Amino acid sequence: MAERTLEVMLAGVLLHDFDEGPKTLSADEQREFRAVMTDLAARSLAVYRELVHEHDALFTLFRTATPVDELGDARFGSRPSYRPGARAGITGIRAIPWGFGWTQIRLMLTGWLGAGTALSHQASTPAGLDVLRRMAARWPFFDDLLGKIEMVCAKTDLEIARAYVRNLGGDLELLSRLEGEFESTMDAVLRVRDSAALLRDNAVLQSAIALRNPYVDPLSLLQISLLRRKRALANGAEEETRAAVDAALATTVSGIAQGLRNTG
Numbered sequence: 004m005a006e007r008t009l010e011v012m013l014a015g016v017l018l019h020d021f022d023e024g025p026k027t028l029s030a031d032e033q034r035e036f037r038a039v040m041t042d043l044a045a046r047s048l049a050v051y052r053e054l055v056h057e058h059d060a061l062f063t064l065f066r067t068a069t070p071v072d073e074l075g076d077a078r079f080g081s082r083p084s085y086r087p088g089a090r091a092g093i094t095g096i097r098a099i100p101w102g103f104g105w106t107q108i109r110l111m112l113t114g115w116l117g118a119g120t121a122l123s124h125q126a127s128t129p130a131g132l133d134v135l136r137r138m139a140a141r142w143p144f145f146d147d148l149l150g151k152i153e154m155v156c157a158k159t160d161l162e163i164a165r166a167y168v169r170n171l172g173g174d175l176e177l178l179s180r181l182e183g184e185f186e187s188t189m190d191a192v193l194r195v196r197d198s199a200a201l202l203r204d205n206a207v208l209q210s211a212i213a214l215r216n217p218y219v220d221p222l223s224l225l226q227i228s229l230l231r232r233k234r235a236l237a238n239g240a241e242e243e244t245r246a247a248v249d250a251a252l253a254t255t256v257s258g259i260a261q262g263l264r265n266t267g
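Per the working numbering, the sequence shown starts with residue 4, numbered consecutively.
Treat the hints with caution; some may be incorrect.
[Unchecked claim] Cβ-Cβ distance ranges computed for the label pairs, FRET-style:
1. His58 - Asp146: 32 to 42 Å
2. Asp31 - Pro87: 47 to 57 Å
3. Ser179 - Gly95: 41 to 51 Å
4. Thr8 - Ile93: 15 to 25 Å
5. His58 - Pro143: 33 to 43 Å
6. Asn205 - Ile99: 23 to 33 Å
7. Thr244 - Thr63: 44 to 54 Å
8. Tyr85 - Thr27: 41 to 51 Å
9. Ala247 - Arg66: 19 to 29 Å
10. Arg169 - Thr254: 22 to 32 Å
11. Leu48 - Gly150: 17 to 27 Å
12. Arg137 - Ala235: 49 to 59 Å
13. Thr244 - Met12: 42 to 52 Å
14. Arg264 - Ile93: 23 to 33 Å
Keep in mind the hints are simulated off the structure, nothing from the lab.
Nothing here was measured: the structure is a model prediction, and the numbers come from that model.
Just so it is clear, CB atoms sit at the ideal spot from N, CA and C, and this is done for glycine as well.
Based on the provided sequences and hints, a complete structural model is requested.
Next comes the structure, spelled out in structure tokens:
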């Protein structure tokens, strides 16, 4: 891991220093790209706020389908998932468990929600798509942002996420809407990249995800089973039984996080 980290850092420095292309945007490009970025941010924010802050359904799905409420019981993490005295809504959940919970069920929602609507709108015309492609080619900030969205899309598994909701409870209609936004995001990213597959230019990560997922999938299915078992335990269940379930659940949480290399 240390060798790989050094390799990536060194490669990034060398690529930056020896790149013969223009290193700065022209004044016209800066104005054009920032105007487009402002519009993308506003459109994606509107979708995110509408789904996350204006309705309770998504937070209800979050608490039902993810292991976030069990993380404290399993003593995973340094702080409680919720702020003191606040469990009723989105404002009560801390930022880290909010992202972590979506990662655990393989939806990776915080990394792409809203991006599909924004990018698809901009790419709906040939001229708009051309601007996005020029931004990706000329503006490292946007290229890196697009790369991060591409990465979380590649790690998202809708089939596994649906298994969580189907087995643990949640609004399947809402999940279908989220799936539509995800598909829109992935399609827009591929169009901007002019690619038929995610991570086309990052073969190492593409291969790593393909190799790791077969090991992570069973952990996800085991976690679903353990969550159902834990939630079904009566208040009078033996402490030894609860401790065993909590320990097994903590192992799946850690294994999924390490397998995905994302914590939220």
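Now for the hints, and whether the structure bears them out:
no., hint, verdict
1, His58 - Asp146: 32 to 42 Å, "holds, 33 Å"
2, Asp31 - Pro87: 47 to 57 Å, "holds, 51 Å"
3, Ser179 - Gly95: 41 to 51 Å, "violated, 27 Å"
4, Thr8 - Ile93: 15 to 25 Å, "violated, 35 Å"
5, His58 - Pro143: 33 to 43 Å, "holds, 36 Å"
6, Asn205 - Ile99: 23 to 33 Å, "holds, 26 Å"
7, Thr244 - Thr63: 44 to 54 Å, "violated, 28 Å"
8, Tyr85 - Thr27: 41 to 51 Å, "holds, 45 Å"
9, Ala247 - Arg66: 19 to 29 Å, "holds, 24 Å"
10, Arg169 - Thr254: 22 to 32 Å, "holds, 23 Å"
11, Leu48 - Gly150: 17 to 27 Å, "holds, 21 Å"
12, Arg137 - Ala235: 49 to 59 Å, "holds, 55 Å"
13, Thr244 - Met12: 42 to 52 Å, "holds, 47 Å"
14, Arg264 - Ile93: 23 to 33 Å, "holds, 26 Å"
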